[in-house]
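Going down the list, the sequences are from chains U and X. Note that my numbering gives residue 303 to position 303 of the first sequence, counting from 1, and the numbers run on in steps of one. Note that my numbering gives residue 255 to position 255 of the second sequence, counting from 1, and the numbers run on in steps of one.
Do not rely on the hints blindly, as some may be mistaken.
On the chain X side, residues computed to face chain U include the following (Cβ under 10 Å) [what the hints assert, rightly or not]:
id	residue
1	A101
2	G105
3	H116
4	F159
5	A175
6	V178
7	E207
8	A214
9	N237
10	G242
11	L247
12	K284
13	G306
14	P310
Straight-line C-alpha distance at most 25 Å; calculated SDA-like pairs for lysine to any residue [to be verified]:
id	chain 1	residue 1	chain 2	residue 2
15	U	K267	X	Q151
16	U	K96	X	K102
17	U	K68	X	D243
18	X	K226	U	I70
19	X	K103	U	I70
Hints listed in this document are in silico derivations from the structure and should not be mistaken for laboratory results. Cβ coordinates follow ideal geometry from the N, Cα and C atoms, glycine included.
Number of protein chains: 2
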Amino acid sequence: MRIQATDERHYLVEVFTKLGFNQDDSQLLADTLVDADLRGISSHGIQRLAWYRRMIKEGTIIPQNKAKIIRELPGSVLVDANQNMGQLATVLATQKIIEKAKKTGVAIAVIRNSNHFGTAGYYTRLALEAGLVGVALTNTRPLVVPTNATQAFLGSNAFAFGFPASPHPFMFDGATCVVSGGGVLTLGGNDEENSNYKGMGNSIVIELLTGILAQGSISADTVSGKHDFSQFVMVLNPAFFGDPEVLKKDATSMLDRIRQLEHIPGKEIWVPGDREYRLLAENKEKGVTIDEKTYQEMKEIGTELGIDVP
Amino acid sequence: MRIQATDERHYLVEVFTKLGFNQDDSQLLADTLVDADLRGISSHGIQRLAWYRRMIKEGTIIPQNKAKIIRELPGSVLVDANQNMGQLATVLATQKIIEKAKKTGVAIAVIRNSNHFGTAGYYTRLALEAGLVGVALTNTRPLVVPTNATQAFLGSNAFAFGFPASPHPFMFDGATCVVSGGGVLTLGGNDEENSNYKGMGNSIVIELLTGILAQGSISADTVSGKHDFSQFVMVLNPAFFGDPEVLKKDATSMLDRIRQLEHIPGKEIWVPGDREYRLLAENKEKGVTIDEKTYQEMKEIGTELGIDVP
C-alpha cells in the first residue's frame, strides 16, 4: 500500500513525541525515516520504527538524553551520542563540521555511544545542501563473513558519498556487503578469485574509522554486551579546489558520459543516485510504499500510544 | 631472479640522475620503486622504469620541474605536480598535510597535473610513520567497464588506507577493480546480482576526488589528449580521538580476532597488510624478485645511460 509522505511524517512525529523525544528531535527523526521511504530505501524507513520502539523499551535508547560535544579542533569533533538515536548526534556533528570545513577545507566527526542513524546518505545530503562534498560511515551488527572465514564478524557497514552534480547529486549510499544465496558476504562474494579480500578490506576500513576510533564496540560486539554503534562523517569544501559551478559541471559531464556509454542490449547504465532521485520524484507524488508487516506494526504502535494511523 | 634491494636502489638512483632528476628526487623515486618491490608489489616497482623513461623521452614527464603549492587552508592544500612524477608532488603534499593534521585533526591534499605516483600505500605509510592514519587515492588510465557498459571508461583507481596496529599496520593498498577472464571489472565482477554497481560506485568516488576535484583529466581522457593523473591524500590524527596506544591495541585485537575466526579447512584468514609485511621481511633478506622482461629493460637502460646493472 501507499501513504502520502505528509501523513507518514505526521504519524511519526506523534509517535516519537509519545516515546519521549522532544519536538525538535521528533521532527528530525521523522524526517530521516520519511526521507528514506521517499527515496525507496524502505529498509531504513518506517520499517525501523518497531525496532526503535523496542530499543527504547529495553533502555538501549534513552530519548531524553542530549548528544554532547566532547572535544573540538579546527577540523575535527568528537561527539557522544549519549545513548540516544544516532540521527540526533550525527546531525549535530555534521552541522558542526560543515562550519569548520568552510574555514579549513575539510573536517571530520566521530560519534560514539550512538545507535542506528538511518541512511548514511542523509548526512552527505546535509553537506550537499551546504555546497560541500560529504562522506558518512557507520558500523552495524555483525552480518558479514570475512574472506575464508565461516562465521560472521564484520558489520554490513554503510558508506555514503555525495558530490554536487545535475540534475541531482552523485549519491552513493549503501552497505559494503552483498546479499547472496549463501549469506551476507563482502563485496566480491565468496570467491577469492573475485578479489573478495578487497571487499573485506573496505569493511575493515569502516570498522577502524567507526568502532575503533570512537572507542566503542566493533560490529562483532554489538550483539553481546553493550549495544552501541559508532559513526564517522567527513565534509570537504570543493570551492577550495576550484569554482564550485565548474566542478559541478565537470562531474555532471563525466556522469552523463558514463550513462551514455555503449552498453549491453536491453540494459541501461545508471550511476549512483539515479535510482533514488527517480523514486523520490515518483513517491513525492504517489506516496511511499509500506509493506503489510510494517503497516501492522504501525497499527500496533498506534493503538498502544493512542495515535491514528494514516 | 633476485637482486639485493641495496643494489636495486643504487642502480635506480644512477638512472634517475642520468634522466635529469636532482639527487634528492632521484633518491625518493628510487625509494618508492624499491619499497614496492620489497613488499612484493612488483607491478609498481622497477617494472615501471621503462615506462617512466619513455614518458620522459616523449616530454610527458619533465624531470627538472618543481612541484608547487598553489593554495593552502588550515586543513587543505592544492598542489601542482608541474608535469613531473607523481611521487615528488605527493610526498611534498603529504608532508604538508601531516603538519596540518596535527593541529586540525584532519587534512587533505589534491594533486593536479601529475603522473604515476607508484603505490598509493607509500603515502599512507608516511602518515603512519608520523603516528597518523592515512588515505591515498589516484586515478589511472581507463581500464574498467562500468556496470552494463561494454567499453572501458573508469580507471583501475587505487585506494590505500593505513591504520596503526601490531606487529605491522593495517595496510590496504590496491586497485578498486578486479581482473577477471572477461577483462577488468569493477569489484563485484560483471554480474548485477553480485552488486557490481557498488564496485562502480567506489570507482566513481575516486574519479570525483581526483580528476574532477583537481580539474585534471578523468581516467577516460588520459589516453587521448593530455596525459595527466590526479591524486588525493588524507591524513587524520587518531590522538585527537583517544590515546594512540589504546587505539593501536584495539585495532590489533580486532585484526587478531579476524585472523583467528573459524575458517574453511586448509585456508588461512589474512587481513590487509599481512601479505606485504611478510614479503617485506623475506625480500629484505633474500632480495627482490625481478622478472626476465624487466631485467632485459634494466640492461637496455643501463647500456643507453652507461650504468652497470646489478
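| message | Would the hint on G242/X be counted as holding, given a Cβ-Cβ threshold of 10 Å to chain U? | response | holds (5 Å)
| message | So if I understand the rule, the pair passes when the alpha-carbon distance is 25 Å or less; does K96/U with K102/X pass? | response | Given that 25 Å is the threshold and the Cα spacing comes to 19 Å, the pair holds.
| request: With chain U as the partner, please determine if G306/X meets the hint condition of a C-beta pair closer than 10 Å. | output: Hint violated; G306/X Cβ to chain U Cβ min 43 Å, cut 10 Å.
| message | Against the 25 Å threshold, does the CA-CA distance of K68/U and D243/X hold or violate the hint? | response | Satisfied, since the Cα-Cα distance of roughly 20 Å is no more than 25 Å.
| query | Once the shortest beta carbon distance from G105/X to chain U is found, is it less than 10 Å? | reply | At 3 Å from the nearest chain U Cβ, G105/X passes the 10 Å test, so the hint holds.
| request: Starting from K226/X, check that the Cα of I70/U is at most 25 Å away, please. | output: Violated, at roughly 48 Å.
| Is the hint on H116/X kept, meaning its closest Cβ partner in chain U is under 10 Å away? | violated (21 Å)
| field | Status of the hint placing V178/X at chain U (closest C-beta pair under 10 Å) | value | With a closest approach of 4 Å, the V178/X hint holds.
| Agreement of hint L247/X with chain U interface, Cβ distance less than 10 Å | Hint holds; L247/X Cβ to chain U Cβ min 6 Å, cut 10 Å.
| query | If you take the shortest Cβ to Cβ gap from N237/X to chain U, is it below 10 Å? | reply | Holds, because the Cβ-Cβ distance from N237/X to chain U comes to roughly 8 Å (cut-off 10 Å).
| query | Given the hint that K103/X pairs with I70/U, does the C-alpha gap stay at or below 25 Å? | reply | Distance ~17 Å between K103/X and I70/U Cα, so the pair holds.
| Should the hint that A175/X touches chain U count as held when the rule is a Cβ pair under 10 Å? | holds (8 Å)
Hints 3, 12, 13, 14, 18 from the list above are not met by this structure, while the remaining hints are.
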